[in-house]
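Student: These protein sequences, in sequence, are chains Z and P. Each position in the first sequence, counted from 1, maps to that position plus 1083 in our numbering. Each position in the second sequence, counted from 1, maps to that position plus 18 in our numbering.
Just so you know, these hints were derived from the structure itself, not from any lab. Any given hint could turn out to be false.
With a Cα cut of at most 20 Å, we get these calculated SDA-like pairs of lysine to any residue [as the list claims (entries may be wrong)]:
no., chain 1, residue 1, chain 2, residue 2
1, P, Lys-20, Z, Asn-1213
2, Z, Lys-1228, P, Ser-24
3, Z, Lys-1234, P, Ile-33
4, Z, Lys-1174, P, Leu-371
5, Z, Lys-1234, P, His-32
6, P, Lys-234, Z, Lys-1278
7, P, Lys-27, Z, Glu-1172
8, Z, Lys-1174, P, Arg-35
9, P, Lys-20, Z, Glu-1200
10, Z, Lys-1228, P, Arg-35
11, P, Lys-20, Z, Glu-1197
12, P, Lys-382, Z, Glu-1172
13, Z, Lys-1174, P, Leu-244
14, Z, Lys-1171, P, Val-230
15, Z, Lys-1178, P, Met-225
16, Z, Lys-1178, P, Val-230
17, P, Lys-234, Z, Lys-1234
18, P, Lys-37, Z, Gln-1191
19, Z, Lys-1178, P, Arg-231
20, Z, Lys-1234, P, Arg-35
21, Z, Lys-1178, P, Leu-233
22, Z, Lys-1174, P, Pro-232
23, Z, Lys-1234, P, Gly-220
24, Z, Lys-1178, P, Lys-20
25, P, Lys-234, Z, Asn-1213
Model, not experiment: these values are computed from the prediction.
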Amino acid sequence: MEKSFLNKKPNGSPGDGAVVVENIVKHYGSNKETVQALRGVSFEVKKGEMFGIIGPDGAGKTSLFRILTTLLLPDGGSAIVNGHDIVKEYKAIRKEVGYMPGRFSLYQDLTVAENLEFFATIFNTTIEENYDLIKDIYSQIEKFKERRAGKLSGGMKQKLALSCALIHRPVVLFLDEPTTGVDVVSRKEFWDMLKQLKAQGITILVSTPYMDEAGLCDRVALIQNGQLLSVDTPQAIIGQYNRPLLAIKAQQMLRLQNDLKQYEDVEDCYPFGEYHHLVMKAGYREEQLRSFLEQHGHHSAEVCTIQPNIEDCFMALMKN
Amino acid sequence: MKQFLSFVKKEFHHILRDKRTMFILLGMPVMQILIFGFALTNEVKNSRIAVLDNANDIASTAIRSELNASRYFDIAADLHSYRDIEEAFREGKIKLVVVFPQQFNNDLQHFNTAQVQLVADASDPNVATTLVNYATSIIKDYQSRITGDRRLPYTIDTEMRMLYNPQLKGAYNFVPGVMALVLMLVCTMMTAITIVREKEMGTMEVMLVSPVRPLKIIVAKAVPYLLLSMINITTILLLSVFVLDVPINGSLLLLIGESVLFTLTTLSLGLLISSATNSQQTAMFISLTGLFLPTVLLSGFMFPIENMPLPLRIISHLVPARWYYEIARSVMIKGLGLGAIWKETLILAGMTLFFLVLSIRKFKIRLA
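Bound-form chain P, shown alone (with noise of 0.2 Å):
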């Protein structure tokens, strides 16, 4: 034991006195979550509109003002015609225009029918359609205003309700991609890279000649991280909960739980590929492209996993950030028990014996 908590204590020392690794470590999820969060959101926020008002009458002074007034969209630029559509659109800064037609209001009082054309720009698809669809519902909403309750004949009202998240932010869904992925990214590739540096600097030599257990050397390698890990754990669900406004529906214990579990699954890989490689440089290039991306397009935060074609779904299921991508969101959004995790939480578990192991096994007590 005595020599199990000095191997423990040596790898702090390592981690503590090595100031980039501790800002990677520490630094790098709170990078992550706020970029994830903010920047690279598909919500689209402040886009850039124009106006063509050829009526300039109430209902359309009326509905630009409840335009601009949404957080969805800025008005950048009045045009004063059809011609100028073409140049404020290849300027590229105008990403939509709203064109209202003469007479716009007497149409809607007199024959109670109005059109606006929405002109968008479809060199970004999923842009153009989001914000055509923003628009439209700006429009309606003010339309159901101005009918108030008189009733239309025969119309249908589609209803929606987006359950666990009415918003549809996106955030609700980074949050536990990101999760997954930080603690992937810190975990895997910073343990890959402990034994192997060993091997590289030379103390490996030295510490083999002892009577030291390969089981405890990996051990020892893996409670360090798994303690900042914990620390990332906090931060990411702070961060989540206070700055981006994504609740925690489910229970606190259980995603603590779960996430430990994760990082467990997560070293025991890293340590895998640290025993089994020879140099640093291969350990972390195998953590990057063999771990970071599959995390990263399989695990269903980015591409959703029931898009994919038969061999890539069957491939995700090794993915171990999946299992935890949707234990996370089934606790953190959905609010979910145990009851309905289980099974994913079983499989992790399964995963991290597995790693732990096969990296036991590959651990070389010599050096070739």
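Just chain Z, same shape as in the assembly (with noise of 0.2 Å):
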């Protein structure tokens, strides 16, 4: 079943694919309102990686996630996690890899310690077997091992339930929105907590709406309505960018973009932050671009060429 898999794909380095995913089709609902989680995904990790899966709410994340750990079937296509199908192997699938939904699901009135025990042995592991691989992480809320699970603030809930998915050492670790209502500072600290994991030889897969964490994965697919719009390391889908990117600001941001979309060298105009960031066609002009804002009462306007980074990507991707 392997072989014969990987044959029609001539450019994936065969047998290293900690997760294969081949035209993965999901669809819920009847006959008559079928909505359509994936349309046909297929990429592959490889082992030891850390790929991201980077779209916004409803692209399809959570379903990709939940027929990759067995939890749902697909509705066409396949995949192989670790070595074993996920339809027919998926006993085995549940031993070896580890998931972290994207909803907190822990018990919240067992106490911390309680919850990574119940998990421990769950897994036909102990805390002390594997304790080496989460020290680092579970160190960080040993201090409240007598609270109750439900009490603990969201960056410490997020550090609980990465233990208990780590506790049994599995070969692959879903993430799934992992960093989702999770305050700054505590994203930052979980991202380097994944690189840690990394360096121990875990495949880590890690879904996220958040574009700025796509350049901490070594390899992203950035997902929409159920389609991959592209899979390849962040610096590469950022090079592939070929349009000149121009960020703005002006008194009236509104009429400001409004304005713009007139203009007919501009190609898409979208707020960023407290800018508006330009896609101008190749070869425009920027003295009549200024002199389209003066035109139009936009006096003090500030523009400045940037570079791309992921999200103007993402919105190129998906305009096409």
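Two chains, two frames, some hints: make the complex.
Tutor: See the structure below:
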């Protein structure tokens, strides 16, 4: 099964894929109102890689994670996780992967220590056996050991959930939006923890709606409406961006956006923080743009050329 | 095994840390047995009656005081004319009026026959009949005392014996019924929400992505409830023996064994509901309407199954409580042994196995 499958992918490195996804299709609902969650998604994650699945809410990230963790059956396509077929060999996969769902899914009425111990035993292991793996993470919450999980702060819940997902030393770790709803400092800490886990050789699949986290992954897949827009390293995705990009700021931002959309050399204009990002056609001229702005009364407009980030790439890919 | 024990421990934590659940689990049986035992009996106690005594002689006063002395009646008013009767009923507090004619004692002594009129409020026919029967028997009692052993010619005396429950105590009927009801409610409802709660809380999602087998999850959920039910069975039996004066005529061990069997039936039924549903609300609804009502209505505990139309009688065979009620009554009240109830026992055991196998098969190993 695995062999014939890999033959179809000449550019993949055979046998190296920790996760190999081939044309996965998933839809929900009855015949009348079908929602297409995934429309033929294919990619491959190499062993030991940190792979990011980046896309807005409702893009199909959670469906994909649930299919790969054997919680849902795909309606089409196939996938292999750590050498096992997700449908036929689901039992083997369940022993070998770690999964942290998007929603906090531990027992709120059990204490921190009880949760960890419970998950250790259901994976037939003990905390002591794999303590070295979770030490850095768990030691941060160990002083709240006797506290009920429901009474922890968001960042601490995150650390506990990660500890529980890691306690059986999984080969592949699936993290579904681990940083959603977590403060900036905790988010940064969390990514640092992931880097350390990657250093231990664990393959990590992580999904996030935050584009700025894409740069922290080895490779990313941009997903939108159940389709992958691009799969590559963050640098390569940015490198493919081939249009001039400007950041612009003026007094009346909303009117500025509307006016700019009328300008013929503008391809796209969208708010980005306190600026608008302005995608221009190749060969536009800055003086013309400035006089256009003057004509429309945006006198003190601040314009500068910038380097694109992942979000700009995402916007561009989405437009195509 | 270690995995299993850790599961059971976790379930115990869930139950013991939730004060409301604990209260329902352990408080409800006590409350129910007391409510059913004392308040909801069909015995009539201390009914308020009135007397219209036109005679006011030895005989009428004697009967009057006997009525008052019995635990069924309280004489609340003395009326003075027929017109007062209507008014006494209208006020709604008087359920029965006893009317003695003039010359009551005189008639009794000289003509050997006298009449007493009993006027009852029959807006509740059952109560009216019961009250009239009670009053009649008290009056008869008096009569037989004054006739003494003077034998009257041609009288047929019917002598009744109420077997197993000579005083016709309501509690004899209710205790086995309440045991069935309480075990059904506590075990089924509580286990019905326990798996489905994990689905709602999202913990099932994490647990499924682990090597645990469904059988372990399901059985581990049942264990704490089984132990708690044992406490409940003990409280109910203690309460019924010491508070409601219901004896345990048969073997206590057999009764407890059968109760444990019935608990297992209800637990597996609850687990089946939990495996098959997706929200706590649905599970709750199914266990309440789908189980509580049939248990009350079709187990024979409130309404005799013999009187029901055929379709209902057939459906009643499917109600586990019907069989347990049969068993509990036979063992507790009639004092019968296993020889008399093996059939019911077998049916319950079969149901348990069926529910358990079905709930394991219905257990979803995936999310949808």
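Student: Determine for every hint whether it applies to the structure shown.
Tutor: Verification of the hints:
no.	hint	result
1	P:Lys-20 with Z:Asn-1213	holds (18 Å)
2	Z:Lys-1228 with P:Ser-24	holds (18 Å)
3	Z:Lys-1234 with P:Ile-33	holds (18 Å)
4	Z:Lys-1174 with P:Leu-371	violated (26 Å)
5	Z:Lys-1234 with P:His-32	holds (15 Å)
6	P:Lys-234 with Z:Lys-1278	violated (36 Å)
7	P:Lys-27 with Z:Glu-1172	violated (30 Å)
8	Z:Lys-1174 with P:Arg-35	violated (33 Å)
9	P:Lys-20 with Z:Glu-1200	holds (12 Å)
10	Z:Lys-1228 with P:Arg-35	holds (17 Å)
11	P:Lys-20 with Z:Glu-1197	holds (14 Å)
12	P:Lys-382 with Z:Glu-1172	holds (16 Å)
13	Z:Lys-1174 with P:Leu-244	violated (30 Å)
14	Z:Lys-1171 with P:Val-230	holds (17 Å)
15	Z:Lys-1178 with P:Met-225	holds (11 Å)
16	Z:Lys-1178 with P:Val-230	holds (9 Å)
17	P:Lys-234 with Z:Lys-1234	violated (29 Å)
18	P:Lys-37 with Z:Gln-1191	holds (15 Å)
19	Z:Lys-1178 with P:Arg-231	holds (12 Å)
20	Z:Lys-1234 with P:Arg-35	holds (14 Å)
21	Z:Lys-1178 with P:Leu-233	holds (17 Å)
22	Z:Lys-1174 with P:Pro-232	holds (12 Å)
23	Z:Lys-1234 with P:Gly-220	holds (17 Å)
24	Z:Lys-1178 with P:Lys-20	holds (17 Å)
25	P:Lys-234 with Z:Asn-1213	violated (24 Å)
Taken one by one, the earlier hints fail for this structure at numbers 4, 6, 7, 8, 13, 17 and 25, listed in ascending order.
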